[in-house]
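Asks: From first to last, the protein sequence lines stand for chains Y and R. Position one of the first sequence corresponds to residue 1 (the numbering used here), numbered consecutively onward. Position one of the second sequence corresponds to residue 1 (the numbering used here), numbered consecutively onward.
Calculated directly from the structure, the hints in this document are not laboratory data. These numbers were taken from a predicted model, which means no experiment stands behind them. Just so you know, even glycine gets a beta-carbon here, dropped at the ideal spot from N, CA and C. One should not assume that every hint holds.
[Claimed, not checked] Here are the simulated lysine-lysine pairs, DSSO-like style, with alpha carbons at most 27 Å apart:
| id | chain 1 | residue 1 | chain 2 | residue 2 |
| --- | --- | --- | --- | --- |
| 1 | R | Lys68 | R | Lys49 |
| 2 | Y | Lys44 | R | Lys69 |
| 3 | R | Lys42 | R | Lys108 |
| 4 | R | Lys58 | R | Lys42 |
| 5 | Y | Lys44 | Y | Lys83 |
| 6 | Y | Lys44 | Y | Lys71 |
| 7 | R | Lys69 | R | Lys49 |
| 8 | Y | Lys78 | Y | Lys11 |
| 9 | R | Lys58 | R | Lys108 |
| 10 | Y | Lys44 | R | Lys42 |
| 11 | Y | Lys62 | Y | Lys44 |
| 12 | R | Lys49 | R | Lys108 |
| 13 | R | Lys42 | Y | Lys83 |
| 14 | Y | Lys78 | Y | Lys62 |
| 15 | Y | Lys15 | Y | Lys62 |
| 16 | Y | Lys78 | R | Lys42 |
| 17 | R | Lys108 | R | Lys68 |
| 18 | Y | Lys11 | R | Lys42 |
| 19 | Y | Lys62 | Y | Lys83 |
| 20 | Y | Lys15 | Y | Lys44 |
| 21 | Y | Lys44 | R | Lys108 |
| 22 | R | Lys49 | Y | Lys44 |
| 23 | Y | Lys11 | R | Lys108 |
| 24 | R | Lys68 | Y | Lys44 |
| 25 | Y | Lys44 | Y | Lys11 |
| 26 | R | Lys112 | R | Lys42 |
[Stated by the list, open to error] Which bits of chain R does chain Y cover? Going by a derived footprint, with three or more residues having C-beta under 8 Å, they are:
| id | segment |
| --- | --- |
| 27 | 43-53 |
| 28 | 103-112 |
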Amino acid sequence: EAGVAQSPRYKIIEKRQSVAFWCNPISGHATLYWYQQILGQGPKLLIQFQNNGVVDDSQLPKDRFSAERLKGVDSTLKIQPAKLEDSAVYLCASSLGGVAGPSTDTQYFGPGTRLTVL
Amino acid sequence: AQSVTQLDSHVSVSEGTPVLLRCNYSSSYSPSLFWYVQHPNKGLQLLLKYTSAATLVKGINGFEAEFKKSETSFHLTKPSAHMSDAAEYFCVVSERSNYQLIWGAGTKLIIKP
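Next up, chain R with everything else stripped away, as it sits in the complex (with noise of 0.2 Å):
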């Protein structure tokens, strides 16, 4: 059966510097890889997917993902993290036998001023 371990469930950067958030998935075929975000009190918001085009996918907001089959990883990545990145992030599988999806039980990303 398919998995995601989000492997932090808190991340505190300071603003300015880099933000990785890591992602690890179990999956029996070929997945689809998403990254949802959950801003305080409003619904969540698709930031970037992977359904087997191109490993590297670029998102909204400058976040970026890299597929790497072999680590069976999807971690999400952004250069310079800025104030209003602080949410919750939610990495997300799919399996193309089933179509469910399966979450993550999420990373709070804190960013310090």
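Extracted from the complex, chain Y is given alone in its bound form (with noise of 0.2 Å):
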């Protein structure tokens, strides 16, 4: 079974540029997440997909962070403009989205994408 594919693996900008990331999930799977994590830090929930509906995006930063899940497969986090404190590994996750509920789902998560902002 492929796991959650990113891309890509790293990216380095100068502040102020754009920058985008793509996930593409475990085929299947209804939930996906963005994470946010800083060195030395455990990861930040920026926004949580079911299908391709917003669950959760309370840690968003929407003033310059933005996020979608056309057709509630791939997905895509975008930076505009990028800040020095945005460097960090953004990680991808999905889970199946069962009956249980997202407490007790297990996700997955992808290698991630470590942006660099100069």
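Once you've looked at the hints, go ahead and assemble the two chains, each given alone in its own frame, into the complex.
Replies: Below you can see the structure in the form of structure tokens.
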């Protein structure tokens, strides 16, 4: 079974530039998550999709971050314009989204995209 | 509000000796608890999860964790460390009321030959 795919793996940009990350979840997984992981910290949820609808985006800095999941499969996360503090690893995860609820639903993670903002 | 505290930022053990990674949580409701592992330049992988069944949970690669409600702890253990266990380990709590996952800051496990 193929895992969660993410691209690019690494990205270096200058502040105020734009950047986009792509995620392809495991086939059949209804729920997709984007996390930001700053060096030395645990991941922080940015946004959660159930199919193509947003479940939770309360921690997404909406003035500069946007995300979409068209057709309920692939997803893109965009930052525009980037700031120095956006340097982090951006992780995508997916889960089945079963009836037991997200609290018991195992999340499978991609390798992440390491973003460096200069 | 729920929270997770991983009591050690780094743990160093010799190969073949026991591993103990400590995690305490704070939760208003009956939580679900997880341990994830992150090897360098690789994605996060679920080691094990507790969801109100048996309090002693067995995971992959010989790891296990025990849920102790009275101590609000969910420590991760392994009887004998292997070099391949060197990685960062995250304790995660999820409350059934809102399904949010709250992550600890991580513990870096170092294995000495």
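Asks: Taking only the CA atoms, is the gap from Y/Lys44 to Y/Lys11 under or equal to 27 Å?
Replies: This hinted pair holds, its Cα atoms lying about 20 Å apart.
Asks: Hey, Y/Lys44 versus Y/Lys83, does the alpha-carbon distance stay inside 27 Å?
Replies: Given pair Y/Lys44, Y/Lys83 holds - Cα atoms ~17 Å apart, limit 27 Å.
Asks: Are the Cα positions of Y/Lys15 and Y/Lys44 separated by 27 Å at most?
Replies: holds (22 Å)
Asks: Y/Lys62 and Y/Lys44 were given as a pair; does the straight-line alpha-carbon distance stay at or below 27 Å?
Replies: holds (15 Å)
Asks: Between the alpha carbons of R/Lys49 and R/Lys108, is the straight-line distance 27 Å or under?
Replies: With Cα atoms ~19 Å apart, R/Lys49 and R/Lys108 stay inside 27 Å; holds.
Asks: Below or equal to 27 Å on CA atoms is what counts here, so check R/Lys42 against Y/Lys83.
Replies: Roughly 25 Å between the alpha carbons, so the hint for R/Lys42 and Y/Lys83 holds.
Asks: Decide if the proposed pair is consistent with the structure: R/Lys58 and R/Lys108, CA atoms, cutoff 27 Å inclusive.
Replies: With Cα atoms ~21 Å apart, R/Lys58 and R/Lys108 stay inside 27 Å; holds.
Asks: Are the Cα positions of Y/Lys11 and R/Lys42 separated by 27 Å at most?
Replies: holds (16 Å)
Asks: Quick one, are Y/Lys62 and Y/Lys83 close enough, alpha carbons at most 27 Å?
Replies: Cα-Cα ~14 Å, so holds.
Asks: Between Y/Lys44 and R/Lys42, does the CA-CA distance stay at or below 27 Å?
Replies: holds (17 Å)
Asks: Does Y/Lys78 pair with R/Lys42 here, judged by a C-alpha cut-off of 27 Å?
Replies: holds (22 Å)
Asks: Taking a Cβ-to-Cβ distance below 8 Å as contact, does the segment 103-112 of chain R have at least three residues touching chain Y?
Replies: holds (count 4)
Comparing the model with each numbered hint stated earlier shows that all of them hold.
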